[in-house]
Each structure stands twice: as C-alpha cells, then as structure tokens.
Amino acid sequence: MSTFSSIPIRTDHKDLIQDIAFDFYGKRVATASLDQSVRIWNINENNEWVFKEELRINPGLQKVAWAHPEFGSLLAVAFDRIVWIYEETCFSNGRNGWIKRIAIHDSRLAITDLKFAPKYLGLQLVICTQSGEVRIYECNDIINSNVWNKVHPDLKSNMSSCSSCSWSTCFNLPILLALGSDETNPTSDKLVIFEHNENTRQYTRIEKPQICLDSIRSLAFAPSVGKLYHTLAIASKSLLICTIKSMPKEPHRYQFTTTNLDSDASVWRVCWNTVGSILASAGDDRKVKLWKSNFSGWSCFAEITGESCSLLADQNINLSCMLNLYKDQNQQQQHQKNQIQFKTQTSIHTKQK
Amino acid sequence: MAYFDNQEYNSKTFSYGVSFPINSFTLNKDGNRIILAGRSEWELLNIDEDKFTSKSNLNSNLFNMRITDVEWSRLDETLVASCGSNGGLQKLIVSPTDLRIEFRDSHIFHERTINKIHFHPNERSLLFSGGQDGNIKLIDFRSNPLSSASPIVFHQHPDDKVTDLQINPSPSLSNQLVSGSESGYVYFWDTRMANKYEKRYGPFRGIVHIDWHPEEKNWLAVARVDRQISVLDTSTDKLNTIYSITNSESLANIKWRPNRKMQIGACMSGANHYHLYVWDLNRPYVPYASFDSIINKAENFMWRNSPNCIIASTRAQNNRALIYNTYISEAQKPAEYSTLVTVEMDKMGSIAFAVGVENEKKLDSHEIERASLNSDINNDKFLIAQSNLYFNYNEPLARSDWFYYAATNYRFNSGTFEELCDYNSQVALSFDKDFKNWMILKTLYKENDKYDLKEENSSKSTSSLSNSKQVQSYKLLSNENCSTIQIPFSQVTAIGDTSSSDGSEDGTSSSSDIEFDDSPILERNGNPIMANLESNPNSFKLSKESNEKLNTYRQNENIFITKSNNVNTLSQLDNHDEQNFINNSHMTKIEDEEEYSFIHYDNIDNLCDFFKSNHDTENFAYHENEQHYQNNQYLQNNFKSQSDLASSIVQSTKQIDPKDNKHVLNNNNNISGDVETQRLLEDLNNCFENQLGLDDGLKINFDESFCQLLHSYIDDQNDLVTPIFMYLVRSLKKMDKNLIEANYLDEWFVQYIELLAKFELWNQRIEIIKAYRTDVIQNLTQNTLLYTSMCGKCKITIKQDSSICRECKTNVFLCSYCHLPVKRLYAWCHACYHGGHLNHMIKWFKTNTNCPTGCGCTCSPNYNQLEQINDLFPSQNFYNFDSNGAKMVIGVLLSKTLESKLKQKDTKSIDDLLINNSEHLFELAGKKKSQNHQIRKLQKNFILPIDDEKNHV
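As you go down the protein sequences, you meet chains A and B in turn. Here the working numbering is used: the first residue of the first sequence is 1, the next is one more, and so on. Here the working numbering is used: the first residue of the second sequence is 1, the next is one more, and so on.
Isolated chain A (complex conformation) (with noise of 0.2 Å):
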C-alpha cells in the first residue's frame, strides 16, 4: 500500500465541484461546480491544463457528459431539473465557443445523472431524477444537434429516487443501463438493470439477486476491452463489484457474482481506467483509492490523498507550475530508477569478471 500525495489546482470555483468529465481523447476536462457554473480546460502542448470557457448555468446538482466525438463536439451539463446540450462552434470572428444548443426539461425532480449511451445505440441521452424517473432522448440527426425526442416510455424503475445510472460497454453483448437509487428504505430495491433489445428498441428489466441492500451513490462499468462480461463497480456504504455473465440458456440468463471491498469508508464515486484495470473509488475519508484485480482478488495498492489544508484561494498554484513539478519529479524518479538498473546490471559484469 502506497499512499501519495497531490497539489491542488486553482479551478476559481466557488463551491463544490459536483462532477469531472474527462472528453474521449483526454483533451478536454468539464468541471461542474455547484457555484453555477462548468469550467471546461483544454490540455495545451506541454500537457498543462489551460482554462478555456466557462459556462453559466443555473444552481442546482451538477452533472456533465461529454458525446463522443463521432457525433461532433457536445457537451451535456444537468442541473436542476433541465440538461442543457452545448455544442462546439466556430463564431464569426474565427474564435471557438460553446454555444447552448437545447434545454430538455421535463422532469418534475432534480436531475441526478446522465450519461451519453455507447456510440452503438447513435447520440442517446439517458437521464434520470430524484423523482426516479428514468428517461431516454435521441438526437435522430446529429447534423441538427437542437432536437431531441424522448426514444421510450420512461423506464419503470420502480425507485423511488435514482442516484446514477451506468451504460454497459460490451459491442457484442446486449447493452445493459444499470440504475442505483439512494433510498434509504432497506427493502426496496437499490439497483435495477435494464436490458437493450436490439430488434425492438424495447429495454426490458432483467431479473437479479438482490445485490446491494444500501443506498446506491455511483454506478460505473467497466470498459469492456474484449471481455465477453461485464463487470460493475457499486458505490455505497462499501465497494461493490458484480461481474455479471450472460447465460442466453439459463432461466435467469444472468449470472451475477458480486465481491465487496473492504473500503473503510462510504464510497461516492467510482470510477475506470481506459483499460479496465484499475478501480478508482473517492469516498467519505476524503481520499481516492486505486484498485487491482490480481488473483486472489481486489485489492487496494494506492491512495491519493489532497492536502488537508484548506482555502484554496490563498494557494495561488498555478496550473503551470505544478504540472512541471509532477514533471520534475517524475523525471527524477524515472531516471533514478534507470541509474538502479544500470547499476545492477554494471554489477552482475564486474562480479562475473
């Protein structure tokens, strides 16, 4: 177990950051801040973090998602009870901005979550409420990015509040949208998961164990990279992940192991990398671990933690500069660490001389 540290980074948001987005190359980062407004950073070419835009909105929860750029550059923010879609353009003047392209509002709840489905499915917007209501909008032509039609009924989740909600990655598989709800009532059903029809458009619940029994904050699953399964990461009082076969034979048609994860604390917010391999989870103790799958199963090799001082705004660190510290260091530790092999290696020769 490893623990580190990190430096913060002046945002000049004014309260919480409620949610991070990175876009699909990794150039862009979206912060959402309950102080009414998403900042979006573009990576410039010393890989420093270099605030582009920032977009007022109203208060309210915050989340953002970013489309995948097969369907243009879009970016989605939640807040309240309306989804606002920006898009990317070029103005008149040859500057790029973001420029408000719709607000879907109907929802009578705030929303909590929303998350672009897989590029399979076309430009498909899954939203969901503290009402527990559960919708889904399509753009049918990604060329007129202002109309959006909600595809189904809304899902009947029977929740009563749903918290999060998570697409599945696999091509090959149907596509599975897990929802979590965080309910404090113990009996009632915290996670639900719906299965995509490829021939119907229909998404019908699939039966499940009873998996989580605490109120659900974050649901995310894992990026597929060719694994014929699933495999889902639980936020909630503990650390949950359910990998979830399909079995087309079986009665249930799913089989669902679920392994929970000694996390010492509440888990917010889970999350992948790019490859599957690594769990990060952000809890109550205010620290992100990183998770390994070897084999004797999950286990937390890391820690990130921030520096427990406070006021940011007297730190006036500048984005810059930290990054060319990281960079330092990591120089540093890269070239120690090739001074050690060359050295081992130098000593095998002298010894064997």
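Hints in this document: simulated from the structure, not taken from any laboratory. Be a bit skeptical, because a hint or two may be false.
[Said to hold, decoys possible] Taking lysine-lysine pairs in the BS3-like style, the calculated list, with each CA pair at most 27 Å apart, reads:
1. 119/A <-> 758/B
2. 27/A <-> 333/B
3. 255/B <-> 52/A
4. 14/A <-> 255/B
5. 100/A <-> 14/A
6. 297/B <-> 55/B
7. 100/A <-> 758/B
8. 333/B <-> 237/A
[Unchecked claim] Stretches of chain B that chain A covers, calculated by requiring three or more beta carbons in the stretch to come under 8 Å of a beta carbon on chain A:
9. 271-283
10. 338-349
This structure is a prediction, so every number in the text was calculated from the model and none was measured. By construction, the Cβ of each residue, glycine as well, lies at the ideal position given by its N, Cα and C atoms.
Use these hints to put chain B onto chain A, whose structure you have.
For chain B alone, coordinates are given in the frame of chain A:
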C-alpha cells in the same frame, strides 16, 4: 418583535384550497390568522394546529378593481388595509370571526394601481402606499372617513413606478423609508421630509422587492429583475453590495428569515419552474433549503413569525390556488445531495479528483455571530465549502502507457512469422512485460509443418537462423530509433542462450554467432537504449564474459533441476525430434522464467556470488548430463497429448504473471523474492512433472491452448493489444478460420479500434481495420472514414479502390491547376467541387480567390488554413504503409468551419478531421441546397477513395 426558535410546530405541512387566485395575503401579529386577497375577494382564515379554517368571506365586486395588496396592522389587531388596481384603499375591520369593510366606498388616492401598502411600524394610524404613478403617500388611515385624510406625498418621479417600500424596522432609524422603483432606483426618504428623497441609488435593473434586515439596521435586501438578490450596506454613502445571490428564475418575493442573520427566503417563478428557496448568504450558490418537493408552484410566501414555519401560496390553476403552512424541517436541503468527492480518470490513467474542503475560518465567525445574536442557537450546519481539484499523474500502475506503447510498437506485418515473434517479444521485454509467450508462440508454430522430417542438425541451423534474425530485429530497432526500448544485457544473453541450448552438446558453437558488446547499455537523455548489436557484424566470437554468463545460467538451471527432481546420475541420450522440440520449448521457458525473476532481484550481488560459487564447483559436463537425463525422462514418459503440454505452458505463464508484480513490489525484500522464485520454479516443474507418465501423441495442435492464452490475456490481465497482435501474427501461419469464435474476435477488434481512436493512433487504426476486414468492422468504421466519389460528367459513383470513371474512362481526380491526376491530398471546394493538389491549390489561392477552372465560383479558401493543412500532412505517402503499394487519396476540406479546428491543431490526421467535421460537411451542403440542387445529389459523395496506383500507371 421577538421570535422564538423553540416555538415548535410539530405538525406536518398542511394546505387549504381557495377558489380564487391568491394575489396577496397577510398575517396578523400573532401569526394565527391570515387574510387572503384574491382578485376581488378577501377570505379570513384561522391557522390551527394542523389545518386552516375559513372564518369569513368578503366580496369587493362593487369597487370594480383588482386587489393588489393587503396588509394587517401590527399594532391594531382589528385593522387591515387593502389596495387595488384602481388606486383606491379599503379599510377592513376584523373581528375574531368576521371581516367587514368599514366604508362601502373606497377613496382613490393614486391615479394608477397601488402596488404596495405598508403600515408604519410605530405609528398606529399611518399607512404608506406606493403606486404606479410614481408617488408614495403617507395616509392617516384612521381618519374617518378615509377621504378626509390628506396624504403627505413623496414624489418619486412620475415615470418611476413604485414597486415596493418599507420603513426601516430598526427603532433608531424608524424615519428611514426606502422605496424601490421599476426603473431600478432605490430611494431613501426621511419620513419627515416629503419634498425630496434623501438619497437615490441606482439604477440597478428593476427592483422587484426590498426587505430590511430585521436585526442589521443597515442591511437592505433588494430583489432585482435580473434574478439577483443584492444585500446592500446602507451605512455608507455609497451603497455597497455586500452579498449577492443569483437565482435561476425571476424573483417574486424575498423575506429575511427571522433569527437567522445570514438567511433569506426567496420565491421565484419562471416559464416552467417555481422555486421557494431559503438562501444562506455565506454560500450563495446552493439554496440552504428548497421547498420544491413540498409546494408545487409556490408564488408568494411569508415567515409565520418563526424561523421554521412558512406560509406560502401557490399559483392559481383553473382559478384554484392553495395556501400552505409548512416547516423548514420538511424542506429538502440540496447541499446534502451534493457530492463531496468526485474522481475521474482520463485515457492515460491520470486521475483527476475534487475534494470538498470546508472553509472553517468562515464557519467560526459565522457561528460566533449567530451565537451572539441568539442564545438558543439551532443545530443545522450549513457550511461554505469549496473543492480542491487535483490532477495526479504519477500513479504508474493506473496508467495505460503499456497500451500506447504496445499499440505503437507491436507489429503484425512487414516480416515473417518468426521475425515478428522475435520483434514483438523484444517490444514486450523492453517494457518489462511478459515476453515469454511470444517466444513460446514462435517455438510452437515455428516450422510446425515440416517438423517431423527435421533432423537434429537442422534444428541447430534454425536456432542459428533465429539468432541472425534476432540481430536483424535489433537492427530494426536501432534503425527505427526507438529510443525508449531497453534491453538489459543479461536478457540478451538469455535469449541467445535459449535458442542455442536446444539439446546441443556444444553451447558455445551455436551461440557464437553473436558478438556481444561489453557495455551494451547506453544512457541517452535519461532513457537507456539498446546498443547496436550489429556494430561488429564480422567478428563472430563469443566474449569470455558472456560465455561465463551463459554457463552461469546453465548452472542456475542445474540447481533448479537438482533441487526439485533429486537427479542422481546421467542417463543416455536419445535425441528424438519431438523430445528435442519439447526440450527446446521447456528450456526456453525455464530460461526465460529464470531470467525474469532474476532481473528483479535487488540484492543481485548475493545471487551472483551464489551462482559463481556453484559455477566453480560444478563442471560443464554435469550440466550436459542433466540435459540428457531430462531428455531421457521425456522420452520414457511421452505426453498423452500435446495440448496438455501447451496448456501447462499457458498455465505456468499465467501463474507467473501476477507474481511479476509482486516481484516489483517486493523487490526490497530479497529473501522473500528468493523464496518466491523457488516456489515459482517448483510450480513450473510440477506442471511438467504432471505431464510425465502420459501417453504419446504425435499430432501437434496447440490451437486450443493458444486460444486459452489469448483469453487469459483479456480476462486476467486486461491486455487487449497482445492477443490482438498474437492473433494477427498467428494468422500469418496456416490457421483454422474458426480458431477463435467470431463474436469474441469482433468484440476484441471493435474495442481495440475504438481504443486506438481514443489514443488518436489513426494510422494503426487503419492498419488494423485493413487487416481485419469483417462486416462488423466495416459497418462501424466505413461510414465515418470513407466517402464514395462520383463522376461529375456521367453521374455514376466511382468504385472505392479506383479513381477512373467506368463510363468515360477518365480520372475523376484531376487537378484543376495542372490537369494531372491527384494521388495524394486532394483539396476541393465545397461549392463547386473543383480542386486539385494541395500545393497547387495553395499556390493558386495565394493570389486568387476564384476557382482555377474558371467556373465562376468564389472558392476563396482561407489561405493560411491551406498552409496549415499542408503542415499537418507534410509527409510524403502519409498513408502509405501497405506493402501492396496502395495509397489513400485524402480529401481536405476547404470550408471555413475547419479553420478553428486547425488552429487548435487538435486534428492530427485526416481521419480525425473527417470524423470531427462530417457534420459541417453536410451542413454546408445542406445550406447550398437551394442554390444548386446538384450539390444535394453529391452530398454524400465526397471524395475519399483508396487510390489504386495500377489505374494510373
């Protein structure tokens, strides 16, 4: 006025429906009675424990007006004032059960609608009224009849409609009257001086409401048309905005929360949304409490003499409205739903995470102020919080460097099977990855077909062949200048050793082909690189050191066998081909295994000493005997099936992999590492022991285990690149088409292609798409990559791999500048579809704006943009990686929409360019549709064929 926190209302929210829209309502001093004012009626309600009870109803139809405001005198329980749109005032007299109008007629005080009436807080009889006519009047309300009252008039401005007014509730400043106007001015009056306002501030954007802070005598909250609540400090001459809260909808009403210095309630309504929030000034972005879930469409509200109870009225629907009595304890606290920590990883595995940090400093002062204000402090904490955003780059295990490295460096074409295996194993080795499987793959399938006919000598010759090929691959490496590739010297030795140790008695002779440099590791730019092994290609001799080293390794191998097998003496040698082969693969693995664990030893000196001492006592012959013994053993106990052996290989390699990491992690602990190695070796040996005593099978088919190996990469190691490349390299040899189920393959390739796009490895992506042509992949990739072209004369589509029209037999891609066929970048105009060589277009448009064909189109592309495109694709034969010599002609768009993309330079290749801009492409075509319907036809037929050179030669 004293409010008490402990005045608890234990009951739940309750409501009462009335059949008129509630324009205004007012509470009596004790907060137990309420008068609702509708369009033309009043209703008196009692507020009981858990319900409203209607007491009296009064109609005002005879006044012919709409009631705009109603106010209950704080000093006189029986007195209520009401005003209307006709500018008149009504005096209502309230008895405990009844409501009546004092006068049947109302006196008109204002020329236009009265917006607001306000009782003087200290003078029983005085009432202020502010109207649309821009006047404020101070009326002696008790005068009987009302018409006899002669009001004092405060002239604001005839055009500046009074929207709200209020006397400062502070006893010391009770002469201070403040009024807000529609044009955005805040007027300060001294009630004793009516002729002119004392001060005027503004303009802000339209004042909707004003509210004096109940305790802070200088704080004035102003609700503005632009959805802002500003808290102004009136103590200074210059009004300072000390707090500001931005709302999502236009504000309807604001009221300070009693006993909470920093909190203010706000009611707002918009086109679709109605909110009733309680804000905390310390945290102006998140409402402290939201009543949205309780009250649907709240339009107006009032604190019911308590900081915890709210009376709110809703917007009327079908002339029905509701009045609510609700409690703050039932309201939602949005901050509780906020996320304190959030984390996200980017494609390279950098971790971005934001952690909420409470601002403790502010909390303290806030708490202290509150405490001084009230002894009975509430417990609800509402803290200002910020998030720190972190980017963490130096978490090596989370990073996807290996994917990037492997995807860029592995090869599956440009070489024979053996070369590719060698090359790829080097790639894996240079990243400290598991390279053994490549060697096994090579061994298993190398010369597989002719194996039975081979003699011992021929196997020797193949080994030397492979050696020379290795050298070739090293050449490849150094030629490519892959500066990051790193091959420790000892490993090179091991590989040379491996290929030479296949049952031959003379290790020296077979490995003497390689000349080892004494100092093969160079340091350049902090990256170790492999020295040029071919630096002395003509002097083939084995240096002493490497010979010694070779022996050391053999020694090591001996130790392993002795320990685990208790070998006693030598047996006779029978070099059957198959045994030889098995031995070969076995050795390969052992050697590699040994090597692998060896590199990670920290305390390498000890190990060396150990080896050396062994080396001194042992002799070379013993080692040979060992080998003979081994061979014999395998001869005696033939394998039942070869797949068992192979699966054991796979198994053992699988076992090794997770432990590799342990080695890295435990490398400080050399003792445990030692034990680990021993255990590993034993495991490995056991695998082979299990094979002993099994029956023979001469047909070698490793396909099943090969499959298993690929699956194990995917499932256990999350490594997609290696199996993809193993499959592609394997497919160079004769292979069963259904070796791996198609749905698995599709999944692998789809995901891999997607990942390549993510990492912007466009060339690699095209290569893979070309190598694995199935319908699935084509469907997924083609529509974004390729555009069919069309002959302008014959109006027929051109085949993808050609640029010649079937009908007229002419090349479609003629440069309109030089009239020669374009083979590389074809740049064309969106409007007229004329174009040509990129460099010619640059040349032409440097001085011209019209189309070079003279068609009259003003193409006028941005000249700089063209140059940028040229910079982006400067290399000759940008896509020329295919050995068949086929090239790809690339269309470059001349639209202005691309300009910005190019400025950003985030478009690194034409693929990206097209993917990102396909919509612009169509957009433009759509816009031009009306002018030229031809274009519509061509809409989908943009040109990007794969250009076959045969057509031009």
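Outcome of the hint check:
no., hint, verdict
1, 119/A <-> 758/B, "13 Å, holds"
2, 27/A <-> 333/B, "35 Å, violated"
3, 255/B <-> 52/A, "38 Å, violated"
4, 14/A <-> 255/B, "25 Å, holds"
5, 100/A <-> 14/A, "23 Å, holds"
6, 297/B <-> 55/B, "26 Å, holds"
7, 100/A <-> 758/B, "26 Å, holds"
8, 333/B <-> 237/A, "21 Å, holds"
9, 271-283, "holds (count 3)"
10, 338-349, "holds (count 12)"
Of the numbered hints listed earlier, those contradicted by the structure are 2 and 3.
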